[in-house]
Every structure is written in C-alpha cells, then in structure tokens.
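The sequence shown lines up with residues 123 to 347 when you count with the numbering used here.
Since the hints were derived computationally from the structure, they do not count as laboratory data.
Keep in mind it's a predicted model, so treat the numbers as computed, not measured.
All C-beta atoms in this analysis are idealised placements derived from N, C-alpha and C, irrespective of residue type, glycine included.
Be aware that a few hints might be false.
Below 20 Å or equal to it, Euclidean Cα-Cα: the simulated DMTMM-like pairs (lysine to aspartate or glutamate) are [as the list claims (entries may be wrong)]:
no., residue 1, residue 2
1, Lys303, Glu207
2, Lys303, Asp320
3, Lys211, Glu201
4, Lys255, Glu207
5, Lys303, Asp271
6, Lys255, Glu235
7, Lys192, Glu207
8, Lys303, Glu322
9, Lys303, Glu280
10, Lys211, Asp242
11, Lys255, Asp242
12, Lys211, Asp247
13, Lys303, Asp247
Simulated restraints on C-beta separations [said to hold, decoys possible]:
no., residue 1, residue 2, range
14, Pro325, Gln232, 12 to 20 Å
15, Ala273, Ala236, 35 to 43 Å
16, Gly218, Ala339, 43 to 51 Å
17, Ala273, Pro325, 27 to 35 Å
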Amino acid sequence: MATNRNDEFIREVDEEYRRDQLAKIWERYSGLIIAVVVLVVGGIGGWRYWEHVQETRAQAAASRFEDALKLSGENKSQEAEAALEALAKDGASGYGLLARFRLAAERGQQNAEAGAAAYDALANDAGVAQPWKDLARLRAAWLRLDTADPAQIRQIVEPMAAPANPWRHSARELLGLSGLKAGDMDYAGRWFDQVAADRETPPALRQRLAVYTALVAGGPVQVTQ
123 MATNRNDEFI REVDEEYRRD QLAKIWERYS GLIIAVVVLV VGGIGGWRYW
173 EHVQETRAQA AASRFEDALK LSGENKSQEA EAALEALAKD GASGYGLLAR
223 FRLAAERGQQ NAEAGAAAYD ALANDAGVAQ PWKDLARLRA AWLRLDTADP
273 AQIRQIVEPM AAPANPWRHS ARELLGLSGL KAGDMDYAGR WFDQVAADRE
323 TPPALRQRLA VYTALVAGGP VQVTQ
C-alpha cells in the first residue's frame, strides 16, 4: 500500500515538474513560438493560394487553346494564329509551349518554310527542354523534306532515330522517305527495317510500312522523256 502511494506521489511530482518546465519555456520563448506558428499557418495558406492560382491559370489557358483549335477547324486561320500567338506570349503554363507548336503547324500549312522557321525558333530556344527541341527539329525537317538537301535532313534527324529516343518512330520514317526521295533504296530500306523490327512501332506506321517496303522493292523510278 505504501509503495502505491509512493509511486503516485512520484508521478505527481514528475507532472508538476514538467508543467513548471513548460511554463518556463513558454515564458521565455512564447514570442518565438507564436511567430513560428504564424509562419507555418501563413506558409500553408500561401501554398494553397498559389496552387489555386496556378490551377485557375491552367484552366484558362486550356480554354483559350481549345478556342484557338476551334477557330482553326473553322478555317479561320488568321484568327487562330492570333489567338495562339497571344497564348504563346503569356507562357503561363505548358499551354504556352503547346501554342507555339500549334502555331508553327498552322503556319506550315500555309507555307512550309514559314512553319519550319517557327519550329527552328523552338529548337533554338534555351528555355525549351531537350525533348521538345528534338521534336521541333524533327517537324521542321518534315516540312523541308521536299526542298532540303537529303544529306542535311539526315544529319539533323539521324540522332533522333536512336532506340532510346521518344521520337524515333517518326525519325526513322522520315529518314526512310528521304532515301526514297533521293533514290537511295539501300538507305531507305535500312530505316524501314528498323521500323519493322521495333515492337513499339505504332500501328498506323506499320500500315504505311507496307507501302514503303513495296516502293523500296520496286527500286528507283526511271523518268523517261
């Protein structure tokens, strides 16, 4: 019985000691504790507000991008380009970059070299990530396929045909077509073979591949006067 009373007394003393210590800590550091609490609460509130602003901006940019696509679908090219240019200048989200790509595509439909130049600007922009630079170079090469020197096309596109490159499928198709255009069936066939061997080749490209391989098998076209 005495032991229980002693244990209870020890607990009470211990609790009292802890309360005294907490009181002393509060008395000494109350200002700092309050400031930390205010900063934490303010930081959380600020972060949530920032997230809300970013989400609102992204939603607005998405709506503007959809409006521009609608204008393009209605053959209102000038209005579509103006809307895309405005969105590209804002650059508030990924839609700014997407608008620049779409704007280059719109210009390419009107004039291949103008579109290619717009893609060149993307490829040379230090603020654009490398995968998107590669995509811009690839699309510029597509637009110049009928006018550029095949050797120039190959120099630009061959690095993107590597197995690990995300744009390898389009790059290999373009390289094969450059070989067909130049009458170099061996070169064309080599790239079309890589298209066929890649298990991740998109189904649509595999369908086109049947036509390409038939053209390779037929050999260079002889033009007679």
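Original post:
Which numbered hints turn out to be false for this structure?
Top reply: Structure breaks hints 1, 2, 8, 13, 14, 15.
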